[in-house]
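Each chain is listed here by its residues.
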Amino acid sequence: MNLRRDVFQAIADPTRRAILMLLAAQSMSAGAIAANFDTARPTVSKHLQILTECELLKQEQQGREIYYHLNPHKMKEIADFIEPFRQMWDERFNKLEAIMKNYQAKNK
Amino acid sequence: MEPKTKVHAEEGKQDLLITRTFDLPLDLLFKAYIEPEIVAQWMGTKVVKLDVQPHGGYQFETSDDKGNVVFKANGTIHECTENKRIVRTFEMENAGFPVQLEFLEFESLDDNRSKLSMQIVYRSIADRDQMLKLPFEYGLNMAHNRIQELLATSK
Chain C
1 MNLRRDVFQA
11 IADPTRRAIL
21 MLLAAQSMSA
31 GAIAANFDTA
41 RPTVSKHLQI
51 LTECELLKQE
61 QQGREIYYHL
71 NPHKMKEIAD
81 FIEPFRQMWD
91 ERFNKLEAIM
101 KNYQAKNK
Chain H
1001 MEPKTKVHAE
1011 EGKQDLLITR
1021 TFDLPLDLLF
1031 KAYIEPEIVA
1041 QWMGTKVVKL
1051 DVQPHGGYQF
1061 ETSDDKGNVV
1071 FKANGTIHEC
1081 TENKRIVRTF
1091 EMENAGFPVQ
1101 LEFLEFESLD
1111 DNRSKLSMQI
1121 VYRSIADRDQ
1131 MLKLPFEYGL
1141 NMAHNRIQEL
1151 LATSK
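Protein chains in written order, with the numbering used here: chain C, 1 to 108; chain H, 1001 to 1155.
Hints should not be assumed to be uniformly reliable.
Selected chain H positions facing chain C (Cβ under 10 Å, derived; list incomplete) [claimed, not checked]:
no., residue
1, 1006
2, 1028
3, 1135
These aren't lab readings, by the way, just hints derived from the structure by calculation.
Glycine included, C-beta positions come from ideal geometry on N, C-alpha and C.
Model the full structure from these sequences, guided by the hints.
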């Protein structure tokens, strides 16, 4: 559970969310990512480190540069976290729909 | 295929949006929210009180098969505009969660389909996230219990 909590802490920060959004489109080098922010490069590096540590990002050496890309498994884990909540409402609404269809048929 | 029920919860916000499309005409969808007998059926709870009008309120009570009350909830109605909108509060009793504010918007898509958009505002970001995680944690507990049962019987 600790790991999951870490993931949520990681995405609670707006800069880190912005980094994830950037990398959703393509993998990028640390320098190219930093160029998108006004924050100092070491600050961006720190964010990249946190995102990598909780496995939201993966590093890949390409020549002299390290490229970052999203770890799709971990991103899915975040989505899965609220899936039971969605299912709970979905089941409730399915029931409502079934009951009202029945009501509609009876009152025609 | 797009899911009929969607949950939109942005990180770092204290509200969330639940949307659902129904294969029901708008008036029937709205009726499901204001008729006590119908609410009792789909919510699976006893409706002690349901008075959907400004300054009105509601009270739900659910008991287990032995008759012990296991769930109690109540709220106040702030606005009710027929086939359009309900604004209300929702509070679980003795559960330790603060009251939440709910905006329900009803709209017609065509003669046989309608849509509900439900915005729920929580007291804090932490409260919202906790409510989001409840069903997940419940599922996790159920899985743990099941594993323990299996282990116990295989001994």
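Structure versus earlier hints, numbers of those that do not hold, lowest first | none
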